[in-house]
Each structure stands twice: as C-alpha cells, then as structure tokens.
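Chains as they are written, first to last, in this note's numbering: chain H, 1317 to 1470; chain W, 1317 to 1470; chain F, 7 to 89; chain A, 7 to 89.
Hints were generated in silico from the structure; no laboratory data involved. It cannot be assumed that every hint is accurate.
Claimed, not checked - With a Cα cut of at most 27 Å, we get these calculated DSS-like pairs of lysine-lysine:
#, chain 1, residue 1, chain 2, residue 2
1, H, K1444, H, K1461
2, W, K1461, W, K1444
3, A, K8, A, K45
4, H, K1468, W, K1468
5, H, K1444, H, K1459
6, W, K1459, W, K1444
7, H, K1461, W, K1468
8, F, K8, F, K45
9, H, K1468, W, K1461
10, F, K8, W, K1444
11, H, K1444, A, K8
What the hints assert, rightly or not - Quick list of the computed label-pair ranges, beta carbon to beta carbon:
#, chain 1, residue 1, chain 2, residue 2, range
12, W, E1386, F, P56, 26 to 32 Å
13, F, E47, W, S1319, 51 to 57 Å
14, W, R1339, H, H1420, 25 to 31 Å
15, F, A51, H, R1325, 52 to 58 Å
16, H, W1469, F, H21, 51 to 57 Å
17, H, H1420, W, E1329, 23 to 29 Å
18, F, A51, W, R1470, 45 to 51 Å
19, F, E47, W, G1408, 35 to 41 Å
20, F, H41, W, E1329, 37 to 43 Å
21, W, W1469, F, A51, 53 to 59 Å
22, H, S1334, W, G1403, 29 to 35 Å
23, F, A44, W, G1408, 43 to 49 Å
24, W, R1470, H, D1454, 41 to 47 Å
25, F, A22, W, S1334, 35 to 41 Å
To be verified - Covered, in the sense of this in silico footprint (three residues per stretch, anywhere, with C-beta under 8 Å from a C-beta of chain W), are these stretches of chain F:
#, stretch
26, 64–76
27, 81–88
Every residue, glycine too, gets a C-beta built ideally from N, C-alpha and C.
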Amino acid sequence: MKSWNPDIRVQRESFDLSEESRRVTSDRADVGAVVAFTGYCRDEGETLAALELEHYSGMAEGEMLRIAREAAGRWPLLGLTIIHRHGRIVPGEPIVLVLAASAHRQPAFEAASFLMDYLKTRAPFWKKEHLRDGSEGDWVAAKEKDDSAANKWR
Amino acid sequence: MKSWNPDIRVQRESFDLSEESRRVTSDRADVGAVVAFTGYCRDEGETLAALELEHYSGMAEGEMLRIAREAAGRWPLLGLTIIHRHGRIVPGEPIVLVLAASAHRQPAFEAASFLMDYLKTRAPFWKKEHLRDGSEGDWVAAKEKDDSAANKWR
Amino acid sequence: MKVRYFAWVRERVGHAEEEIDLPVGVTSVADLIQHLAAKDEGYAAAFSEPTVIRAALDQEHVEHDMAIGGAREIAFFPPMTGG
Amino acid sequence: MKVRYFAWVRERVGHAEEEIDLPVGVTSVADLIQHLAAKDEGYAAAFSEPTVIRAALDQEHVEHDMAIGGAREIAFFPPMTGG
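Bound-form chain H, shown alone (with noise of 0.2 Å):
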C-alpha cells in the first residue's frame, strides 16, 4: 500500500472536481472506490443573496487534518481530500469537498459520510446570511440533527 497523507485545504477559490479525483487515483491501481461529497451553497427560496464563511485560520486546517486522521484510523483508504471554502460564496457555488478514496465501496461510503458529519461540529467555520432584499441576515443557527449525526460515530 503507498503511503499518503490527507489533503487538507481552506481556501477562497472554488475547486474542480475531476482533478481532485485524479489527484488521489492517478498512477496507481489499487483504488476500486472514489465517494466525493461536495456541499453547495443553497438560495433559500431566491431569498438569499450569498454567504459569507469566516473561519478561525489555522485551527480550520488543525481540525480538518484531526478529523482526516480519525477517519484513516477507523477505514482502511487509500486517500483522503478535504477543502472547505471561506469568503463570500454565492447560490449554487460550492463549498465543501469531502473525497474518500478505498478498495472497496463500503468504507469510501462511511468515511465520506462521518468527515461531513464531524466538519459540521467541529471544523471552526460560521457562516452569515446576506439576503436579496439588501439586509443583513443572521448567522446561521447549528443545527440539532448535526450533533446526533456527530453522535452517532462514537
């Protein structure tokens, strides 16, 4: 098995999704499992103008790469790519890349899953509503469901 490190990024600019596959499946052939996640900035019913992600710089990357290695510690893969956007990010942007890669399906699967679950409750990043109608909207609550579905990995 080669050796890897997770690939942790923040950053403003948006990300490709075919060259972050590549990144983890080239040259080599023993990957049989790619899942991508990629988490879009949604317009609320065309009521939301854009978010604005701040994030705490340096604890993000700290917790990403915790989280990353919690992940490789509990399913057998063979890469791990996660990059989580800051700034102003407008409807239909992407926001998030969460990409496992494994032999098999099943753990390619699980590992997405649980890196979202755990990016949402752990990884320092908040983001504010800017509406449409020109005001500024609130930041956006944490949710509940969020921390069951943290929960639910222990």
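Given the coordinates of chain H, work out where chains W, F and A should sit on it, guided by the hints.
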C-alpha cells in the same frame, strides 16, 4: 421543485466527473449536496491486464432506470445520474458513476449507497478477467456480501 | 421465442441467442431450464446448477417458477457482477 | 494571553482579538467567560448564554471546565456551521 428525470447511460467511453456534476447542479440553487460514487477497475495486486464487461443491452438501461426510480421514490432527490461502461476496461480506469443530488447530505449519501448496492445485484453486467500473464482469467464471481448489502434496503 | 445467454452461460451453451418453439409441457422458466439442460453437453454444463442461474422475461428479472406466458424473449445468465 | 472571538461572539464583543492578563482567581475557561461577561454590555451580550459558547485553547476544542494553564491563545465562538 424543478421536475427531472434520472440520467441513465450505458456506454463504452469514460466520463468526466466535473461535467456530470455540473449537469445536475447548473441553472439551479436548490441543490445543497451532491454525492458522486466512482467505481474503478483495480489491478488485483498487479495480476489483472483488463476487465471485459459484457452487458444485456436494453435490459441494462431498463434495470438502471427502475433502480433510479426506486431511489427517487425513497429519498427527496433533485437529480440522479447513473453511467455504466461496457467493453474492455484497464486497471485505473473508471467503470461506473452514480451521482445523487439533494437539498441535504443525508438523502444524497443514502441514495448513492443504495444505488450502488442495487446496481451490483440487479443490473445485467458481467465482468471477465484478462490476466497480465496473457491467460484468459475467470468470470468474476458474484459476492455473497453484495446480496446482503442489497437486502438491507428492503 | 428468442432465448439469450450471457457471460459463462453463453460460453458453455456456445452461442449468444437462438429462436426456439416452446415444447408442449414447458410452461415455467424452470421447465425451460430443464428442457434446455437436456439438449447437449454444453447446455448441460451451463445449467448444471439451476439454482445459480438468473432469468429475465422480456428484460425483467423473474423467479424460476414464473410462467413464460406470451413473452417474446427470455434470457439466462449468472449472478450479475456489474457496478 | 491572546483572546480571539468569532462570528456573533466577535460582533457582540466588538473586536476580533485582544491581549489580556489573566486576573488572579481565573483558572478555568468558565472562570474567564464569567470575567469577560462582566466587562461591558457587549461582552455581557456575547456571553449571556455561556452554555452555547464553544472554546478552544491553543486551537483545540476544550470544555468549559478545562484549566487554561499556560495556553498562549484562547478562542470563543458559537457552535460551528461549516460543511
């Protein structure tokens, strides 16, 4: 909610993940989550030269469509793409893509996982191995655990 | 009706498809399997373990006890290994 | 030590970070929250519901009963909403 039909394709050619993702997310901002599963041909410890994928043309598309509609009935999906390749595929190349779009992550994860479990056991495709030593290998045997994975959704 | 064979069922039978007239007394999928298995060594090898063989009537999965009825096409194949 | 604030905690406090000297008697994260809440109306608003506030010591999540010890940086923020 925009109306949509599952996008079902059986083809020799490969596919582009970014392009397929754009196809289900462009011109709309109600999609919050896309889960894309890509299955790849592995080299099985450097023994495999290629897989030859035989399929039952017509029934393959029909069965993929039935599986897709079953998923659309179970989860609140906003888009669904299934691409399955046939013909000769060498290690490192993709074989299958399942892509599920939804407002939230849970339905997208579950639908993609369900679709893969069902494809494995109900879509009429068969893999024959061609080995690196020049010999014609065996037909890949169906796995007991694929049946049990599919049964868990009943 | 048209009978189609796939994967190792096709290889053992020796061809991918054929037209047959259903003999008197052959009404279910299981009946047809039994009838075909008796044709020659290739068919016998293809259908030596009937329980592993999957069948489709007019391109839909069916169990072996299904009546063939007026189907235009029947297919026999091993468990599927796609995905 | 450096204290950092994020999201609506930052907005209510009125700034993103500051340097403070830990007062005598302030040893845990909870102690510091109580101390900060008494500073002015903005801080009081930020920490009015201490149980919803999350804390990190040197960029790692901690519970409120954690001792601050020799940490160089502490951060306070609402429940996270990334992903």
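How the hints compare with the structure:
{"no.": "1", "hint": "H/K1444 / H/K1461", "verdict": "19 Å, holds"}
{"no.": "2", "hint": "W/K1461 / W/K1444", "verdict": "19 Å, holds"}
{"no.": "3", "hint": "A/K8 / A/K45", "verdict": "16 Å, holds"}
{"no.": "4", "hint": "H/K1468 / W/K1468", "verdict": "19 Å, holds"}
{"no.": "5", "hint": "H/K1444 / H/K1459", "verdict": "15 Å, holds"}
{"no.": "6", "hint": "W/K1459 / W/K1444", "verdict": "15 Å, holds"}
{"no.": "7", "hint": "H/K1461 / W/K1468", "verdict": "24 Å, holds"}
{"no.": "8", "hint": "F/K8 / F/K45", "verdict": "16 Å, holds"}
{"no.": "9", "hint": "H/K1468 / W/K1461", "verdict": "24 Å, holds"}
{"no.": "10", "hint": "F/K8 / W/K1444", "verdict": "25 Å, holds"}
{"no.": "11", "hint": "H/K1444 / A/K8", "verdict": "25 Å, holds"}
{"no.": "12", "hint": "W/E1386 / F/P56: 26 to 32 Å", "verdict": "28 Å, holds"}
{"no.": "13", "hint": "F/E47 / W/S1319: 51 to 57 Å", "verdict": "54 Å, holds"}
{"no.": "14", "hint": "W/R1339 / H/H1420: 25 to 31 Å", "verdict": "27 Å, holds"}
{"no.": "15", "hint": "F/A51 / H/R1325: 52 to 58 Å", "verdict": "56 Å, holds"}
{"no.": "16", "hint": "H/W1469 / F/H21: 51 to 57 Å", "verdict": "53 Å, holds"}
{"no.": "17", "hint": "H/H1420 / W/E1329: 23 to 29 Å", "verdict": "25 Å, holds"}
{"no.": "18", "hint": "F/A51 / W/R1470: 45 to 51 Å", "verdict": "34 Å, violated"}
{"no.": "19", "hint": "F/E47 / W/G1408: 35 to 41 Å", "verdict": "40 Å, holds"}
{"no.": "20", "hint": "F/H41 / W/E1329: 37 to 43 Å", "verdict": "40 Å, holds"}
{"no.": "21", "hint": "W/W1469 / F/A51: 53 to 59 Å", "verdict": "35 Å, violated"}
{"no.": "22", "hint": "H/S1334 / W/G1403: 29 to 35 Å", "verdict": "21 Å, violated"}
{"no.": "23", "hint": "F/A44 / W/G1408: 43 to 49 Å", "verdict": "45 Å, holds"}
{"no.": "24", "hint": "W/R1470 / H/D1454: 41 to 47 Å", "verdict": "42 Å, holds"}
{"no.": "25", "hint": "F/A22 / W/S1334: 35 to 41 Å", "verdict": "37 Å, holds"}
{"no.": "26", "hint": "64–76", "verdict": "holds (count 3)"}
{"no.": "27", "hint": "81–88", "verdict": "holds (count 7)"}
When each numbered hint is compared with the structure, violations occur for hints 18, 21 and 22.
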